[in-house]
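Protein chains: 2
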Amino acid sequence: MSTYKRVHNFNAGPSILPEPVLLQAQAEMLDYQGTGMSVMEMSHRSKEFEAIIQTAEADLRELLGIPQNYKVMFLQGGASLQFAMLAMNLRPAGASADYIVTGAWSRTALKEAQKLGTTRVVFNGEGENFTRLPEPAELQFDPNAAYVHFCHNETIHGVEFKSEPVVPEGVPLVCDMSSDFLSQPVDVSKYGLIYAGAQKNAGPAGVTIVIIREDLLARVPEKMPVMLDYKVLAESGSLHNTPPCYAIYITGLVLKWLKNLGGLNAMYEINREKSEMVYRAIDESGGYYRGHARPEARSIMNIPFRMASEELEDLFVKEAKKADLIGLKGHRSVGGLRASLYNALPVASARALVEFMKDFQQRHG
Amino acid sequence: MSTYKRVHNFNAGPSILPEPVLLQAQAEMLDYQGTGMSVMEMSHRSKEFEAIIQTAEADLRELLGIPQNYKVMFLQGGASLQFAMLAMNLRPAGASADYIVTGAWSRTALKEAQKLGTTRVVFNGEGENFTRLPEPAELQFDPNAAYVHFCHNETIHGVEFKSEPVVPEGVPLVCDMSSDFLSQPVDVSKYGLIYAGAQKNAGPAGVTIVIIREDLLARVPEKMPVMLDYKVLAESGSLHNTPPCYAIYITGLVLKWLKNLGGLNAMYEINREKSEMVYRAIDESGGYYRGHARPEARSIMNIPFRMASEELEDLFVKEAKKADLIGLKGHRSVGGLRASLYNALPVASARALVEFMKDFQQRHG
Ligand SMILES: Cc1ncc(COP(=O)(O)O)c(C=O)c1O
Ligand SMILES: Cc1ncc(COP(=O)(O)O)c(C=O)c1O
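Chains as they are written, first to last, in UniProt numbering: chain A, 1 to 365; chain B, 1 to 365.
Bound conformation, chain A alone (with noise of 0.2 Å):
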């Protein structure tokens, strides 16, 4: 084996994966399994790739807990397209959608489905900069709403729901899960949809997964084009068309790699442990760092905090890229440093970060 080098990768998405689920890929890269040929080259229609696809969907059932009457999607165009395919799929014509606004995501996800049709705003949390949740008083859903949409973790602002808000009896929870998904356990039966972008937890940019509860796809209105028919992709099981079949192979790597850790209760303490590690430094640096989010909104994913000026954060991105920490900078349209904690990333890159972090203070505070 040739050596290789590897970074402390902060990145917020794209982001880490698990090594053995590159080192599994790359050994199989020319010869998958006696077969003669990449995963990139089968066809998504011969038995090896059906394997594949079917086992990835188990093992996801197995570690969310899926019910059987939800049905899951490996589908393409990212979390974006779900944006409009949620509001084209899931609200009939001169039906209204409400929104819960706690962040950049959300507020996209809105104005996508304004475009389409009629949406209500619940809450918004825009005027105090993203950093808090709704209070549970906060939220008056509309009893006829097609859906109340949230996103669980807002990844440029760093909150994140702790539970689910509680909608009224009958309203369909649709939910972005893109950067918090499979870091946590969730209870699905409590969705009507989740959908997340692969490329934080699950897997590579090029697949997203959809879990839908299998009546709701009878609002599909008639005349959809069918790769944005929730109904066709979902009674094809993903195979209505080519789909993204090396991404899908990776995802299965790495829900194999999650199962072989112990699952979603044990990837959770270890998430909550980097997290708290960097909380930590954070509350302890005396307002030298200062934390987005209020604390009890507080994502175990990403961290955005700020520093006294401009100058003293690009001095930190610079100096921690050369420590080898990779993609501290904060996302374009906030500013400031964001460090996300994805599943993936050991224990061990969290406690570099910190220490730097402290060095840095120390060198320069």
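None of these hints come from the bench; they were simulated from the model. Note that this is a predicted model, so its numbers are computed, not measured. Please note that a few of the clues may not be correct.
Which copy is meant is left open, so a pair is good if it fits within one copy or across any two.
[What the hints assert, rightly or not] Derived lysine-lysine pairs resembling BS3-like cross-links, with alpha carbons at most 27 Å apart:
#1 Lys231 x Lys111
#2 Lys190 x Lys111
#3 Lys115 x Lys231
#4 Lys47 x Lys318
#5 Lys322 x Lys5
#6 Lys322 x Lys47
#7 Lys115 x Lys223
#8 Lys321 x Lys47
#9 Lys5 x Lys256
#10 Lys111 x Lys223
#11 Lys259 x Lys47
#12 Lys358 x Lys318
#13 Lys47 x Lys5
#14 Lys190 x Lys162
#15 Lys5 x Lys321
#16 Lys321 x Lys358
Since the structure of chain A is already known, use the hints to place chain B with the ligands on it.
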């Protein structure tokens, strides 16, 4: 280096990739050029990934001689999503589009466009079982058509255009080039829009290449979902949201391989050689093997053929597989046999097929 087995891969798509491409992807899997991460783990906004996507675009422009006034996009959703997107973007409300139907894929493209608006079928080869191309005199276009759509190579029926249909002045020609894209030189300036799922000649499944003449972007209607909006996608350089990064990277490696090989003229010579070998084996079999397409319509990429009985065809597939000749079963919608001879298929594999065909005939004929 470990040893690995490789088969003769005649899959219709996803399909064989050049071995040097897979070897390079394997070598770079854990550490792309000293970055300490896989391409799958990189931010799509990093300078490393920007170099990957920009180089892929530049190489594609060079190979195809794409004029300056065309935009290139790397999209998701497959050619199947383009069937709908092109109609949504390029056919104004109330306008009609002309379709040439020469096989299963152009028929499917038509079906999607019919759902969303008005179409006119200019030619339909279905009555003749999609064995031929239209004669120029058969093509009476609507001079006010929003566009004329055709499929350059019908992957299932194996008929391939030898030159572009001549359309009325000012009517853009729109082409599904999925299965012979990059197999031969093309005069892009004759087209308004070209699209191709990468998973035949260009790369792995999960990325679709769209080339559009800039002036057509003015047709995009208001209130399009962003992920279906050619204007947004073209102007963002395919980076409006997270693109299918790894599929684009592999496509970039394939484009470099094509350039090293001498570009599309050189590739075309090799493709002609391979397909002529197989057609000769069919023609010299005395009717034991029967090609589907009429000789003048024959594809250099996909060669569907039949034998006297389904039993014999099944035996052919089974014995071929034992001899490491993979992917020779015809498409499930038409049955029979099909050899796909994409760019990456070595001449030696075409030769192995021809020898197997002769040997099989001798043993069972
Ligand atoms: C929470 C959330 N939703 C949606 C998106 C958009 O995802 P995509 O780029 O796959 O469209 C992102 C991307 O980072 C995200 O973090
Ligand atoms: C000519 C042609 N067009 C369209 C398609 C559909 O492509 P996709 O599966 O990427 O949607 C195919 C698939 O084989 C094809 O060969």
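Evaluation of the provided hints:
In this assembly of identical chains, Lys231 and Lys111 lie within 27 Å of each other by CA distance both inside one copy and across copies; the values are 24 Å within and 17 Å between. In this assembly of identical chains, the alpha carbons of Lys190 and Lys111 lie at most 27 Å apart only when taken from the same copy (25 Å versus 37 Å across copies). Taking the closest pair of Cα atoms, Lys115 and Lys231 come within 27 Å of each other both inside a single copy (23 Å) and across two copies (16 Å). Only between protomers do Lys47 and Lys318 lie at most 27 Å apart by alpha-carbon distance; the minimum there is 15 Å, versus 49 Å within a single protomer.
In this assembly of identical chains, Lys322 and Lys5 lie within 27 Å of each other by CA distance solely inside one copy; the values are 14 Å within and 41 Å between copies. Proximity of Lys322 and Lys47 under a CA criterion of 27 Å is satisfied inter-copy only: 16 Å between copies versus 47 Å inside one chain copy. In this assembly of identical chains, the alpha carbons of Lys115 and Lys223 lie at most 27 Å apart whether taken from the same copy (19 Å) or from different copies (5 Å). In this assembly of identical chains, the alpha carbons of Lys321 and Lys47 lie at most 27 Å apart only when taken from different copies (14 Å versus 44 Å within one copy).
Proximity of Lys5 to Lys256 under the C-alpha cut-off of 27 Å is found in both arrangements, the shortest distances being 24 Å within a copy and 25 Å between copies. Proximity of Lys111 to Lys223 under the C-alpha cut-off of 27 Å is found in both arrangements, the shortest distances being 23 Å within a copy and 10 Å between copies. For a Cα distance limit of 27 Å, the shortest separation of Lys259 from Lys47 inside one copy, 24 Å, qualifies, whereas the shortest one across copies, 34 Å, does not. In the homo-oligomer, the alpha carbons of Lys358 and Lys318 lie at most 27 Å apart inside one protomer (16 Å), although the nearest pairing across protomers, at 65 Å, exceeds that limit.
Taking the shortest Cα distances, Lys47 and Lys5 sit within 27 Å of each other only across copies (19 Å), while inside one copy they are farther apart (36 Å). Proximity of Lys190 to Lys162 under the C-alpha cut-off of 27 Å is restricted to the intra-copy arrangement: shortest distance 14 Å within a copy versus 56 Å between copies. For the identical chains of this complex, Lys5 and Lys321 are intra-copy neighbours only, at 14 Å inside a copy versus 41 Å across copies, given an alpha-carbon limit of 27 Å. Proximity of Lys321 to Lys358 under the C-alpha cut-off of 27 Å is restricted to the intra-copy arrangement: shortest distance 16 Å within a copy versus 62 Å between copies.
Going through the hint list in order, the structure satisfies each hint without exception.
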